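Residue numbers (numbering that gives the first Met the number 0), protein chains in the order written: chain A, 0 to 250; chain B, 0 to 99.
In short, the hints are calculated from the structure, not lab data.
Every value quoted in this text rests on a predicted model; they were computed, and no experiment measured them.
Take these hints with a grain of salt, some might be off.
Derived contacts from chain B toward chain A, CB cut-off under 7 Å, selection only [unchecked claim]: (1) P4; (2) G24; (3) Y25; (4) A51; (5) T60; (6) G61; (7) S65; (8) A71; (9) L73; (10) A75; (11) M81; (12) I85; (13) A92.
These stretches of chain A come out as covered by chain B in the derived footprint (C-beta under 8 Å, 3 or more residues) [what the hints assert, rightly or not]: (14) 139 to 150; (15) 201 to 213.
For each residue, glycine too, the CB sits at the ideal point set by N, CA and C.
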Amino acid sequence: MTGNASLIQASQLTARAQLLAGAGQALPVVAGVAIFGTVWGALAVQAGLSPLEVALMSGLVFSGAAQFVAIELWSSPVAVGTIAFASLLVGLRHVLMGASIEPVLRSVRPRHAYLALFFMVDEAWAMSLRRAGQGKFGIQFYIGLCGLLYLSWLTTTVAGALLGGLVADPARYGFDVVFTAVFVVLIVGLWQGKRDIAPWAASAVAAIACHRWVPGNWYIFAGGAAGLLTAVLLWSPLPPQSTESAGSDAG
Amino acid sequence: MRVDPAALAAIAAMGLATYVTRIAGYWLVRRFTLSGRISAGLQAVPGAILIALIAPAAFATGLAESGAAAAALLIAMLRWPMLVAIIASAAAAAGIRAFI
């Protein structure tokens, strides 16, 4: 497996550069994480969590979506089963994400991959896929990226818990659109050609409809599933339609 | 500082549930061989998930959110850095809100 060997060699040579590149790509996202982290920490304390419980939850769950839902459901006494089940439902999109990142993690031992997957948040997943698409992915990139995101989520949620509602109204300063901007940029990077139009359109329609009529965060999973189904239905076993056109990325 | 046993149990259960969702897809794909059709479907997932994440805000929330998404789209298509896109988006949203 010469291909594999050269991959490993490349990643050894650039371990430090990979780590720095990952941390560098995390930086713009950290601004958004910091705002949502402090807001969530403040809300969590209002919902009845202690700062130590906030730290434990951020450290062990590391999922903004699951944690926002959890504090909406938080009560006294805590309904353990309800909250755990809600986390499972909110996390369903991770199943699709984990399946699609598997090829990227093939250069890593499975037990390391299982450790890495603990940190698979939306941004880290999308940026890793983009990096792999450019042929530059190394696990150190993922470590740098996730490490910084994890630390900033942990510290800012605890800071929010300790300091209370510092950012009273993030929308007023346009802070609430940070994640939309990040995801739009990542989407543009994923664009590969006309074959993306149908699955993406199906996803948008499903997500908007689901967001309007179904309570909770189901719209994310609905959009992902609609895109998957559309691509499955439109697939035709014609001779290699290899649209792997190199050089589409000018960056 | 206080840690309520029920709260600790809830946090541990949340962590476990979330971790299971994060490894399930990877585990499934490694365990079973996928047909070309299913692979094509999985290839569409990243874009579809990201579209789903932003679609309600970008298309069905308000002018400020749509304007913010459009600003980010413009910057991304110019291939300028992500930080520029974030700043342009926030400025667009704040600007539109200030005038409406």
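To see whether the hints hold, each was checked on the structure:
1. The restraint placing B:P4 at the interface with chain A is violated, with a minimum CB-CB distance near 9 Å, outside the 7 Å limit.
2. A least Cβ separation of about 3 Å between B:G24 and chain A falls short of the 7 Å threshold, and the interface hint therefore holds.
3. With a cut of 7 Å, the hint placing B:Y25 at the interface with chain A holds, because the nearest CB-to-CB distance is about 4 Å.
4. Interface restraint check: B:A51 against chain A, minimum CB-CB distance 2 Å, threshold 7 Å, status holds.
5. The interface hint given for B:T60 is violated, since its Cβ lies 9 Å from the closest Cβ of chain A, which is over the 7 Å cut-off.
6. A hinted interface residue such as B:G61 counts as satisfied when its beta carbon comes closer than 7 Å to some beta carbon of chain A; here the least separation is about 10 Å, so the hint is violated.
7. Hint status for B:S65 relative to chain A: violated, with the closest Cβ pair at about 10 Å, above 7 Å.
8. Checking B:A71 against chain A by beta carbon gives a least distance of about 4 Å; that is within 7 Å, so the hint holds.
9. Look at B:L73: its Cβ only gets to about 10 Å from chain A, farther than 7 Å, so that hint breaks.
10. At its closest, the beta carbon of B:A75 sits 4 Å from a beta carbon of chain A; the interface hint therefore holds under the 7 Å criterion.
11. Interface hint at B:M81: satisfied, since its Cβ lies 5 Å from the closest Cβ of chain A, which is below the 7 Å cut-off.
12. Evaluation of the B:I85 hint against chain A yields a held restraint, the C-beta minimum of about 5 Å falling below 7 Å.
13. Here the hint on B:A92 is kept, as its CB sits about 4 Å from the closest CB of chain A, short of 7 Å.
14. Given as covered by chain B, the segment 139 to 150 of chain A fails the check, having 0 residues with a CB less than 8 Å from a CB of that chain where 3 are the minimum.
15. Only when three residues or more bring their CB closer than 8 Å to a CB of chain B does the claim for the segment 201 to 213 of chain A stand; here the count is 8, and the claim holds.
Checked against the numbered hints above, the structure violates hints 1, 5, 6, 7, 9 and 14; every other hint is satisfied.
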